[in-house]
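Engineer: The primary structure of each chain is shown beneath.
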Amino acid sequence: MVRLFGPLVGLFFAVALFWSFGNGAYNAITQPTPATVEAEFHKHPKEISFSFDGPFGTFDRAQLQRGFKIYQEVCSNCHSLKQVAFRDLAALGYKEPEIKAIAKNWGNKAQTFDPKTGDRGERPNLPADHFPPVYYAGQGAPPDLSLITKARHGGGQYVYSLLTGYAEQAGYKNEKGEELLKKFPDAKTPDGLYFNPYFANLNLAMPAPLASDGQVTYSDGTTATVDQMARDVSAFLTWTAEPKLDKRKQTGWPVLGFLIFATVLAYLAKRNIWADKH
Amino acid sequence: MSFPWANEYKPVHPFMRYLDERLPLPRFVYNAVGGGYPVPRNLNYMWNFGVLAGVALVLQIVTGVVLAMHYAANAGVAFDSVEHIMRDVNWGWMLRYAHANGASMFFIVVYTHIFRGFFYSSYKAPREMIWLLGVVIFLLMMATAFMGYVLPWGQMSFWGAKVITGLFSAIPLIGTPLQQWLLGGFAPDNAALNRFFSLHFLLPFVILGVIVLHVWALHIPGSSNPTGVEVKQESDTVPFHPYYTAKDGFGLGLFLILYTILVFFAPNLLGHPDNYIPANPMSTPAHIVPEWYFWPFYAILRAFTSDFFFIPAKLMGVLAMFSAILVWFFLPWLDTGPVRSGHYRPLFRKFFYLLVIDVLVLGYCGGAPAAEPYVMISQIASMYYFLHFLVILPIVSSIETPQPLPFSITEAVLGKDEHAVLSATSPAVA
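Chains V and R supply the protein sequences, listed in that same order.
Residue numbers for the first sequence follow our numbering, beginning at 1 and rising by one.
Residue numbers for the second sequence follow our numbering, beginning at 1 and rising by one.
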């Protein structure tokens, strides 16, 4: 029975697939899929290196503090960071009084609700609070940045590339030397959006947030070039997405070392036990 | 249920003798995975993967039970509760990465185990029941993994749930009501998330139960082996312990090393970035893809792009995707060649390797966007997949001339077997 019906079922699926294949091939020839502006002009993130790359890499605390300053003075005007608490800043090297001060002086206040009276109000943030929500009055909803480097292909490299990748659309060419507006005259960036080839659909609502060198003054004396600021905030956002990165790698090595040792022993034990059976 | 020369459990300590007369659990373990289970002496490392799959399941249950203590199955807070585990729970990041990558390791091991079965025709008599139970385990694993992926309630969780439950809507007449009944609503939401969590917690223990049956059925004829020649005599076997506990111990070490590298150094390598975006029913991801272990079946689902007579393309895809696994149930009766091992089946072996390549190609296409040339490649690859199992295997097993088999496992290992000279019809013991 199986050997009778099996081949029939197999041929049924094969013929149906061939039918789909034939239709697909016919369509591919008669109506080839038009090239899209995203496919031709979207760029992959720039290959830059960070201190936390690779199995031995760790966060650079000074860089994270600089990146936090960028977030504080630039990004936090529109973007929330709700998965992170002020107390977590201790991992960046801030001392308790500093964290208390950062929380207390944070622009957006913690929201309060008194269930007895129904009164809503505000109070200064405490170290135990998460970063408060940002209510954005403009168009679109700026994404929460807590996990942004894990939520995009390329992670920190993507954030860096996006921040430094704004370009003038007029005259923009890809690697093949094709000019965007000549090839796709309809793909002009709409008013109110900004052209950035590192963004998935090339046009995003965020204007270049890091516009000029020296926009932020670093307290450690590092020169705040746009490139430096973009690197620092990308590192900071990698930390917000993966705060346990250092501990993870530090734990991994002893575990791996133990397992390699144990596996060698297991191999020798196996050889010993099997010695007379081959 | 075992060979007559199997070692017998002999408790030494008075307490063990006392226990053996009342609850012979140690005897049961001894006969199942101890010195009391005679195993062919020629098993290669492909035979490690059954034990490894068992270990992977236990790791998933242990990490999963602890994760469940901190996770909140509510569409409003599920995503944040996972981040709470990652940030605030002691070693929570390790538990979660171990659980997520543990699923991948489980599938790597189980796919190897299944393809071992294909190559050595482990499904052939008298081991059909082991094979059928194995396919049941695999189906349960797929359901469990799918529902587990929904729990973090990220974008891929939500849209994956939407696509996969949407498959049921392809069934004529009852499809849409069935989908709504399964989801507890018109789209995945709190009701779906809660029942997925409940089932995700339950099914691993169902899997454990079917594994008990799988191993029980295994112990009736005993393990198969790379020659496919049945055990004939005591010199063909060695006791499971210490021989295979030692060999599995080494394999387990390698498994854990790979697992450790994933968990501690590349924990998100096999995941999709979109699942770190909270679920948003109003924003469809550009490419909805399941986890890598579903890619071959996803490619088959998407390969049907044209209606076939009166059958809609979607229904064809759903039928084909489920058939792609259900066809494994019929393998023992599709491949009727008398010889088991692919080592002695030259023609079969060529098609086996073609199948391996075919499934890898399907996997690649399943993970790629639903665009050309991937769709056309997956159509060809799906065609081969069905023809392989349903047409080629029955034909090959009828027409091929197998190469001569060794007289016994002993002869295969040692190069000679004195019984081979004395008697060519040594009674097979089963």
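A portion of the hints provided could be inaccurate.
Calculated pairs, SDA-like style, for lysine to any residue (alpha carbon to alpha carbon, straight line, at most 20 Å) [what the hints assert, rightly or not]:
1. V:Lys277 - R:Asn268
2. V:Lys247 - R:Ala371
3. V:Lys82 - R:Ala72
4. V:Lys82 - R:Arg87
5. V:Lys249 - R:Gly249
No lab work stands behind these hints: they were computed from the structure.
Engineer: Evaluate each hint against the coordinates.
Structural biologist: Hints, one by one, checked against the model:
In summary, the hint linking Lys277 (chain V) to Asn268 (chain R) is not supported, as the alpha carbons are separated by about 43 Å, beyond the 20 Å threshold. For the given pair, Lys247 (chain V) sits about 41 Å from Ala371 (chain R) by alpha-carbon distance, which is inconsistent with the 20 Å threshold. Proposed proximity of Lys82 (chain V) and Ala72 (chain R) is supported: the alpha carbons are some 18 Å apart, at most 20 Å. Distance check on the hinted pair: Lys82 (chain V) and Arg87 (chain R) sit about 12 Å apart at the alpha-carbon level, within 20 Å; holds.
Between Lys249 (chain V) and Gly249 (chain R) the alpha-carbon distance is near 26 Å, which puts this suggested pair outside the 20 Å criterion.
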